[in-house]
Amino acid sequence: MKRNWIHPEEPQNAKRYWRSTAELERRESFLKNLGREFPAGDTLTPEEAENGRRDFLKIMGASVGLMGLASCRRPITTILPYTQHVEWMVPGKPVLFATTMPRCGGATPLVVTVHEGRPTHLSGNPLHPLGGGIDSFAQASVLDLYDPDRSQKPLGAGKAISWAKANELIAAAAADAKKSSGAGLGIVVGATTSPTYLRLLGEIKTAFPQAKLYGYEAVGGDAQAVNKEVLGAGVKPFVKFSKAMRILALDCDFLGVDPVAGEPIKEFTKHRAKETKAAENDMNRLYVLENRYTLTGGMADHRKAIPAALIPAAAALIAEQLGDASGKALAASAPQALKDWIAPAVRDLIDNKGTAVVLAGSRCSAEVHALVASINNALGAYGSAIDLLQEAPKPDMGDFAALQADVSGGQLKTLVSLTPASLFYDAPDAAAFAKLITEKGVKLVHVGSLLNSTALHAAVHIPAAHYLEAWGDVRAADGSYSIVQPMIAPLYDGASENDVLLALLGRKKLGPAEKPADGAAPAEDAGYTAVRDTFAQVAGGLDESKWNFTLRDGFLKGSAYARANASVNAAAAGTIVSKAKAGASPSDEAIEVVLVPSSGVYDGRYINNAWLQEAPDPITKLTWENAAWVGSATFKRLGLEDGQHIAIRANGVEIEIPAIEAPGHVSNSITIPLGYGQNNVGTVGGEKGVNGYVMRRLPGQFVISGAKVEVLGTVAELAITQTQNTMEGRAVYREGTLETFNKDTEFAQKTGMDSHIPENISFYKGQVGKKDTENPDGFDYETKHQWGMSIDLSKCIGCTACIVACQSENNIPVVGKNQVRKGRLMQWIRMDRYFAVAKTGINNVAQESTWAEDNPTPEQLENAEMVHQPLACQQCEAAPCETVCPVNATVHTDDGLNAMAYNRCIGTRYCANNCPYTARRFNWFDYNKRNPLVETEKLGIKANNLYFGPLGEKREDESIRLQRNPNVTVRMRGVIEKCTYCVQRLESAKILQKQVQRDSKNFRVPTDSVKTACQQSCPADAIVFGDLADAKSSVNIAKASPRNYQVLKYIGTRPRTSYLARLRNPNKNMPGAENIAVWSNNQY
Amino acid sequence: MEASASNTPRILDREPLVLNNRSYSWITNRICGIVENKQPALWWILFVPSVLLTGLMVFCFAYLISTGVGVWGQKQPVAWAWDITNFVFWIGIGHAGTLISAILFLTRQKWRTSVNRAAEAMTIFAVMCAGLFPAFHVGRVWMVWFLAPIPNANAIWQNFKSPLLWDVFAVSTYFSVSLVFWFLGLVPDLATLRDRCRPGLKKFFYGLFALGWRGGNRHWSHYETAYMLLAALSTPLVLSVHSVVSFDFATSVVPGWHTTIFPPYFVAGAIFGGFAMVLTLMIPVRRIYGLDDLLTPKHVDNMAKIILLTGTIVGYAYCMELFMAYYSANPYEAAAFTLRGLTGPSIWAYALMFSFNVFAPQLFWYRPFRHNMWVVMFVCMCVNMGMWYERYVIIATTLERHMTPGSWGEYSATWVDQWTFVGTFGFFMMLFLLFLRFLPVIAIGEVKGVLPQSDPHFDDHAEKGIQEEDLMAYPDRHVAKPIAA
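As you go down the protein sequences, you meet chains A and B in turn.
Take the first sequence: its position 400, counting from 1, is numbered 400 in this note's numbering, and each next residue is one higher.
Take the second sequence: its position 124, counting from 1, is numbered 124 in this note's numbering, and each next residue is one higher.
These aren't lab readings, by the way, just hints derived from the structure by calculation.
Ideal Cβ placement from N, Cα and C applies to all residues, glycine included.
One should not assume that every hint holds.
Said to hold, decoys possible - Computed spacing ranges between beta-carbons, pair by pair: (1) B:Ile156 to A:Ala716: 46 to 52 Å; (2) A:Trp88 to B:Ile156: 34 to 40 Å; (3) B:Phe59 to A:Val711: 39 to 45 Å; (4) A:Lys636 to B:Ile45: 53 to 59 Å; (5) A:Ser1034 to B:Phe169: 29 to 35 Å; (6) A:Phe1003 to B:Leu342: 52 to 58 Å; (7) B:Phe59 to A:Trp88: 51 to 57 Å; (8) A:Lys636 to B:Trp43: 58 to 64 Å; (9) A:Ala401 to B:Ser66: 30 to 36 Å; (10) A:Gly639 to B:Trp145: 53 to 59 Å; (11) A:Val711 to B:Ile156: 56 to 62 Å; (12) B:Phe169 to A:Pro758: 31 to 37 Å; (13) B:Leu342 to A:Val711: 56 to 62 Å; (14) A:Glu937 to B:Trp43: 39 to 45 Å.
Given only the sequences and the hints, what does the whole structure look like? Please build it.
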């Protein structure tokens, strides 16, 4: 290739020299060849230019080079340094930014870890008033960004169209609506608290006065509508769990998937852990009434399983005892057992007036919310344990019924769907609604990130931007204003909801940003400007430093909602209650079906997130699909086995779904987690589970009674991660009542047979304990860090946030349904879940039952207790895995870690066998290289792709690799892996300390300055990690607790991770109180 | 009181080790004939499937290596299953050979001469089969050289605390010593074969491996010294190899594995299983090749008694395990055995193990059963299967019920597990059939040594005739007496 010389421009006012007249006259023939290295005549023909000597040599050289490459064992990848340094960017060093994840009706404040421009990991924003841990949905949302199956191109009636065409269609629709001043235009929005979004919706209302807005969320309930009537418009109850010492939850999973404004997990669990003797009133107490087990039910001190149809009756009963007789008719249907249970509970609430609250689940019917408002009023909760906040005014929106009416009335021509729900999938009677849309010729414009049924059938589909890709803003539950700042340019040019509204207003073109003309500054993004404008309104002026501080901190200080001047309108509440009809208890013949959002995919929006699909459901431990939860007694009555299909007929529809036994579930009631059964959404979500929405006919209908169940012959193999439900009398998990604790604070160390066994005496002085004159081989606590962890079971609620956080931080591969079925889950943290039924054992001592031998009664099974225990590598000081590794691939570090050298490991798996905690995971296949999620057909055999080895499909989805943490090795097949306390974080903290330390001798990272991923994500602050050699560290304080115990201590492994036994605070007057946490009695 | 002949105690005749008063030449001809004549049809009927199964085994291992250990059925709590079960099973089988050739040699058990050659060959082939499993069961077989103490740039040495490393040394030592011992014993017989061959390729190879054996006194004297030394060297190996293998389990912390009884229990089990396999192979061989006179019911009887003895030791160990689990008052230990035998998912395996290994050999208390080849074959088959199940029970079913109940899971084998194991049988059979085809199945020189004719005082007490040809072979020794009346 010849070089093209770029001649410097001639100076304007200078003497001119010329070589030829041609140059002087600036003839075209001369100028054409001016840039050439060689003069005219030396040019090559086009063929020659293509295959010239230099090119020939180059191609030959490359071929030779590639020949060599092909024979290489590993492909060569090169890391190129930046020739010009990019500000903020040091390869291998992440940059942290604050942003916020918009959620259904709220927001999750986040800190994003960005490696070389790629967001890789999310954690909670500790500066935010509601910050701290985050749940698994937020934790996993970073994977959605890189989802290769994400919607990437606009679609027109299911076919790809260009962005220009999409813009044209939107502009046409807007122009059309403009002519009729908006009549015929409808916009469906989800539950949002984004000020910009709401402001733009208001502007739409101004520009198109006749346009209609509708609010729709797939699993939304009546709470807001009731609050509007009973408490006043825009009044939002904000529960202060820090003050709530007596909580009664009516089908309200506030620790799980039911959004309750407040800081449910963090503040609730704060009152669960006691280190010294405490009075009953110092610890909070939770009563739960629900039909199935939820995370909240698992944390309850008293829980009773009742049919969901009886929740209104229970609410009415409570109200009645507090002097509100409006629900008398409802209360009449309650069975005696429920009355006996409620009476002492309500007495306890009354005794704690001012600190007692009653909570209703978001999907409960209107009368429950009305009754609960009245109950809380009577308990004096408003103003003390519940703050009533005044939200910013929102534009008026119709509900789904109004939308349905308007569509069937032919009033809509264009419908823009901005809600994260999928109208053609999760709407009540979705098939009929979809038909109606087509029949009435409504043009549906759908914005979403999944290619779900709505996207494929909409007239226009616009790929949505991920919240890490676009500017936005949002208010958290307490009203704190946050800016959603993008971390990466949109990977597929997607548009946010704001962008679509701006496009309708004609202020923005969707799709790839237009390249600015040479030299011109790029045009300011309209989405960004819109957020800036809103910020100016919220902050009272666009102050740059304020804007920058808001971006840095992740929220605007002092922007929370003000308290509302509101009181309970008893008359309005009474009217709502009086309209309600009493629900009937289900029977063998008329079974009730309860629809709930699932712990994995919520309402279906996370269906294509592999981490969430593979995170086991906290209750059933089912992954990758849903199943009908059937209570143990009904399960036995129907003669079912796990995975056996049942046909459920209700509301005029029939679905076939595999059944799963659910201890703690009320009889004759079936729970179906929603969100599954969406086909064509991608490799991850497609063909997984059964759609439960089809049973729903009305928007608020989540409990369907009178269902018939038929047992079918076929049995599906479910991907369950834990099949053993009881502890078999082993004191792996320990808990006790506050009373036991007060009697003997060290009860946990005496629980179970383990504590009775004398400690092992070793012939060898191994590297255990502190180094001193007695123990010269011990650990050096003087100059080295000594890492340790404590997990507080009083606080742990059993959600799966830590599992997902660990997966995100440590590049843990997803193995797919097929491999989960085979028991090859790779997640480093296992969330063990045990059920317990009390029985009277030897010497009349109540003890945990082993079910097989005891045949517990249906009553016992309905009210079985449930506990959760997260278990990862315990970093044993005398680690049994280390001694057995023949090649020294797993060894101990000076700072007490049980380290893994992946490239030394040959995969004998002896360590996995010898680990008493089964904490080690083996790469049975190349999970990172070969796609485990697809079936392949080769040589006429159809099987999971993994089983074809080198013939199988390689992972083509490069985008997923962008999520990987560059500081953690991606493991190949054939090696063992396990938790190492996020050793990469520890090492970078030490390196930083070495830089800070300079000449001083203080090589100790500042106290509690380094956190593991699981600890950071834990919304309950149950995990404490730190340096045991640092006397001030929180982990030392935690481990000093009398509740501290080591799992399987008797083996003498000396684990560095220890547990704090769970405490429970039963009310002695409650029925069955004597059976709570019977383990604590089982002392030796 | 009349003095009579009946007063002197009658000396019972020892059952002869070779029946029908066979001569030296008959023995040579009969044994060498197996190698020299065409193989019977049955040989081919067995050999062809064996080769095919060997091919299947190669395919299974190739699939395993190219795809990943996941093609086997192992999973989260059960990281070892059929792989190590098969390893211990084959290693166990390999025990009888060395026991017969070394310990019985040192204890002057003359009857060993008829079985030791085949048993040693079986040992070597079984150890070859066994070695395949630990080598290929690892996740990254191409890195398996990390196990060898080769100085390397990383300066990482092996972990000498790991029983797996002890295994590597124990098994490789055992294999090499057994191979040398076997080969040494073969030398005089190879020379016999060499001498009987017509010149050609065959003669060249027999000659090559016969190491120039001429049968001189000096040769014999050196040979016997070397044989004695090697026997002494391999005797501790018989005990050590399976003890070391048992350390894989005994030194772990897994309840059900962590038991001090394992080393003697494993050695007894190995001898038990090894003898059963020797009988399984030799009973058909003696019938097919007409070796009934050399391998007599007495041999079978002796081996059956050893099976009965070791089987009883194994049964004692089973019961002692249960007792210790109860007596230790350790709930984990107790649960491991309760779950194995009573309530766990694999109690069928435990039941099979117990009945095959403890109940079946009890038939051998009754002499006629020890002499009925069908019964012996039946019991040996039971023991072969029972010993496989014993290892399966110890390895897989124990791991299925590990310490934290939350991680419990059930194991099931895949077709790759099953066909790999079946394939190793093919490999083993192929090697054994080739051994029958090319090498003397009974040690010719040693069997001749236990004939009555070999006794220097034979002629003094001879009541029955010696064959003329024998006299001709050793004219200097047997000149004096003419035979018979």
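Exercise for the section: State the violated hints by number, sorted upward, taking the hints as numbered earlier in the document. Expected result: As far as the earlier hints go, 5, 9 and 13 are violated by this structure, in ascending order.
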